[in-house]
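Chains as they are written, first to last, in numbering that gives the first Met the number 0: chain A, 0 to 451; chain B, 0 to 451; chain C, 0 to 451.
Errors might be hidden in some of the hints.
A pair holds if it fits inside one copy or across any two, identical chains being indistinguishable in the list.
Stated by the list, open to error - In the PhoX-like style, the derived pairs of lysine-lysine whose C-alpha atoms are separated by at most 25 Å in a straight line are: (1) Lys373 / Lys341; (2) Lys373 / Lys451; (3) Lys446 / Lys395; (4) Lys122 / Lys45; (5) Lys90 / Lys1.
None of these hints come from the bench; they were simulated from the model. Keep in mind the model is a prediction, meaning the values are calculated, not measured.
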Amino acid sequence: MKSPIAVVVLAAGAGTRMKSALPKVLHPLAGWPMVRHVLESAARLKPSRIVGVVAPGAKDVAAAFAPHSRTVQRTPLGTGHATKTALPALKGHRGPVLVVYADAPLITTATLQRLVDACRKAKSAVGVLGFVARDPSPYGRLIMRDGRLERIVESRDADATEKAIDFCNSGVMCLDGALIGSLLGAIKNDNVKSEFYLTDAVAAARAAGHVTIAVEGEEAEFQGINSRAELAVAEKTLQQRLRAAAFEAGVSMADPDTVWLAADTKFAADVTIGPNVRFGPGVSVASGTEIRAFCDIEGARIGRDAIIGPFARIRPGSDVADQVHIGNFVELKATRMGRGAKANHLAYLGDADIGAASNIGAGTIAVNYDGYGKWRTVVGADAFVGSNSSLVAPVKIGRGANVTAGSVITEDVPAGAVAFGRARQVTKKGRAAPLRAKLKARAAAAKRAKNK
Amino acid sequence: MKSPIAVVVLAAGAGTRMKSALPKVLHPLAGWPMVRHVLESAARLKPSRIVGVVAPGAKDVAAAFAPHSRTVQRTPLGTGHATKTALPALKGHRGPVLVVYADAPLITTATLQRLVDACRKAKSAVGVLGFVARDPSPYGRLIMRDGRLERIVESRDADATEKAIDFCNSGVMCLDGALIGSLLGAIKNDNVKSEFYLTDAVAAARAAGHVTIAVEGEEAEFQGINSRAELAVAEKTLQQRLRAAAFEAGVSMADPDTVWLAADTKFAADVTIGPNVRFGPGVSVASGTEIRAFCDIEGARIGRDAIIGPFARIRPGSDVADQVHIGNFVELKATRMGRGAKANHLAYLGDADIGAASNIGAGTIAVNYDGYGKWRTVVGADAFVGSNSSLVAPVKIGRGANVTAGSVITEDVPAGAVAFGRARQVTKKGRAAPLRAKLKARAAAAKRAKNK
Amino acid sequence: MKSPIAVVVLAAGAGTRMKSALPKVLHPLAGWPMVRHVLESAARLKPSRIVGVVAPGAKDVAAAFAPHSRTVQRTPLGTGHATKTALPALKGHRGPVLVVYADAPLITTATLQRLVDACRKAKSAVGVLGFVARDPSPYGRLIMRDGRLERIVESRDADATEKAIDFCNSGVMCLDGALIGSLLGAIKNDNVKSEFYLTDAVAAARAAGHVTIAVEGEEAEFQGINSRAELAVAEKTLQQRLRAAAFEAGVSMADPDTVWLAADTKFAADVTIGPNVRFGPGVSVASGTEIRAFCDIEGARIGRDAIIGPFARIRPGSDVADQVHIGNFVELKATRMGRGAKANHLAYLGDADIGAASNIGAGTIAVNYDGYGKWRTVVGADAFVGSNSSLVAPVKIGRGANVTAGSVITEDVPAGAVAFGRARQVTKKGRAAPLRAKLKARAAAAKRAKNK
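One chain only, chain A, in its complex shape (with noise of 0.2 Å):
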């Protein structure tokens, strides 16, 4: 049997870039807090164990690693001092150690087994991930001995063959856990920032005599994120990725680079979205619903054959059944449209429970909070809710009944009966012109004091 894995997530940089009180590796990507999309690669390996490192008095962070172990970086020493600050949590695992970057999200599962695989092969003390760089000037270069490396050189240290070399240092590394211990304990910090560089334990291996090598992976899998400009440049290429998933799916999208899919978003075949729909995270989508254009969409289970949108908004704790239309300007906030529901014009409906087949007027409200408590909005199945209308929770709207339009309900209709919660019309003929001329003289007073 093959001895598990480990993966340490390095998570304790600054990000002074960023200009935010937010840490850098919780800014959101996809839906998910940036450290998220690293922990889900390395999961998906199924490790024996992930250690987190943290900088001191970062707890949000700190919580974003949980339910896995983190260690804390007292004082920032460089890459090769935040992974041996994880020994002792690494204590007494053999197998391989991946050491990954929290802010460094587009690295994939598959990207890393291949390393791991590649390792375990050459029974390499350390493995690196290198990538062949568009432009490799900022990148220390990996030279390659008969498919074996043999050293990393710092962009700055090398010379013109070295510098012609375009196979780039990632970063990330497979290091032997036997050897771990012994591998960090022999880097120095004889440089100029007096770091100590996770870098430095290839020289580390070859100097005593273990095998190092280096697998290449895709340049944009390795993008680290220091500004809010590259934030967005790593949040293109994971929506890149997200749409091309979708449209093996079977998902039709007229314009995708107008779909703002979040990491979990999960859709089956046959869904038709249009252009500018943004998912955040928590939502599923079945099979032959169409999801307009301008829709946001959150926390929510959306059923088959549905029409959602245009400009509907669909919050967090969501159910919508299979053929229910929600329509232009409506609001769900953690309600449950039964199969066949109709709400397709100007509704807010909070907390409410809307059964099958039933119709919710245009301009209807579920009028849920009273500035304390929210509370519930429950109409039965078959139900017809007049236009304008008030339902003041908690309320209950029975089976088959009708509320009449423009009526504010306050207390329960039972099953069947008609609620009217409104004033008779009155009319009185001719009355207008007196009306607008008042109107107008208030109108042309309030201008005569202005310009006064």
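Starting from the known structure of chain A, arrange chains B and C on it as the hints suggest.
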């Protein structure tokens, strides 16, 4: 006089890679089913007949060809065989026969015309549209000699010299109507898939001593669509064409990449369109009108000097006259807005007829649906409908009438009348504190109950 | 001390390719009329005067130059002639005179400053801004010798050696104010169009024994705008500049390509902006605020730690204090929201003043317009306005008052009071079935009548 043209449209492919219940050639592109683009490009050649070749049981595809004739290809035995099934429908036709593909919808009339013209001039038996491919590797190469097409070499059969040729076969052909029967009859299926390939008509014609030619077109015109991703790429190409035409017509688009046009969208000069506007099929917009950001418009005529949006939705059957204002979160459906009428904020006007210069207040709903029928609301000219009103159709508001804010109108309002349909205000001094105390206690009790 | 700078802005071109009633240089770019970008770039040089040269009758263009002086070019006789018409307005000016173009709005202050500095250093009579063109074929070439500009060769007059030069003339010039009169006087119109070209000032200066120089800038800065398509390209360039600056300032944008900024949009650090947000002119956003997807904001101040959108519209004259929440399908117009106030769902607040910590319910309308005048709604602090209410302005809701859901409020509500303006609910048991039967029969009858 020139002999008339016939066009055969091959539409019998399976399209399994779309993963869709909808037949591939009916997937929408710029607001039309894919096949309609090919049919329109063909129709502009004014052919004497268009023949669709469809798969057995593909009723919806066959229907999309109406009023043109279509034949059914009983078994999928290749493009040569498919074309042969069209022969009965071509009986008596002696002029050029174009063979085009329902799943390659970007072909233009101009390119087809150039092919026909060249075939006529060269008196060729077969003419092929070719293109210079960025990556020729997947395509058959067109081997030219002395300005004539000598033969087509499939990619897998090409030698090194032929592989270096980047002039490729699009599959689109023009065959001499007097020879098409004999040419198709000469095609054999002695290949791996045992299919009859239309491409082999070239060799058949050469073997019979006829002239064959090739005419160059743009690669983009020949893109075939086999997956959702390719559908999106074709949509992008089409949108770019449509946007370029709109710019030429004198339309301003601040961000053209976020304006989605239908193939039939019509603009006068001096129309301004903000970012994020979607036009479904059937829209025309007259001069001087501004469509602001975030609008969705379909099946509607928009007059001159109107202001639409932001966040307006105009649905089919709507007619918006000159100088109308439609503001944010307003939906029109099958509604006529008279000259200078305004509905500026949060309103639903369905099945309504709003007179010239009338003002529809914020939050107004034309209550057009009672659960069984759809009814019309008619508002005369120069009327004033107060905010948050419900106009319960069928109902008429007369010319120059006023409806007060918050009214539910269930009976017709005569011209010049004032209608009230709301309760009188009752104010209870000092009652907010006890009310709030009660609500607060209720919320606290609910919380306690929940935590139990 | 350095002699002061003058700037001549040529704005007399016709712009017929725009196909627009609006003069070309007034077409909007990033929220400003095109010419304003040039004026702002010029103004940052702190010139002693700016002179606009406009066409006869172009009142709106002339007005756009205010408070700067402008002169009218009576007949369109070329750029040299246009510049000459500015001479009277330059009377007594001895320092550098920059000539720039109102329809090339991407020029930056930094580039203009470099030209002026180089001219001063070289004591040149004429300095020209040049650029290395991707495709030099349409442009005049700058022939340099010994670091000086020897001459400008028009593309049509260039020989093979000159055609190979890719350093091109932008048209932007800096002339010595003491010489400008004699230089322009020496320009002749002995060419095909019989026009006076400013370009010929170089030859005139050389003929008189003066020094002429060229300074290199970026091609993108010199893009002229002659069509709607070029306008869109310039908008894209400007947006990319503005977005890059926003990133630098510490703004997060998940998809920067769908955030449209105005030239004067102001952001504090740690602002987060979702996809699809449009900023019109005159917006500032304070730190910690999140603008969610699908918002349209113009002429408004947004405070700290506010949450705006998705689907919010904020119109000019609005002032949104710290910690305010503005939710979906909510429109503010000339409305002040006090600290911590909330309007989270489907509401129109026009000409309103909402007190701190007040809650505005879903569907609330501030009824600000009566057909003649616009009136203000004033809501005190800590008030609670129930859903679907209509506040008929002018009206005041006192501090700590409650307005019940569905109320029409036409009279002031004192502080601490509860106001009702709605009918009491009446429920009729068992009446839904007969009502529905009646409605169903009505629909059936209408259908029969229609089919007759």
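Each hint, compared with the structure:
{"no.": "1", "hint": "Lys373 / Lys341", "result": "both (23 Å within a copy, 15 Å between copies)"}
{"no.": "2", "hint": "Lys373 / Lys451", "result": "between (49 Å within a copy, 18 Å between copies)"}
{"no.": "3", "hint": "Lys446 / Lys395", "result": "between (49 Å within a copy, 20 Å between copies)"}
{"no.": "4", "hint": "Lys122 / Lys45", "result": "within (21 Å within a copy, 69 Å between copies)"}
{"no.": "5", "hint": "Lys90 / Lys1", "result": "within (18 Å within a copy, 72 Å between copies)"}
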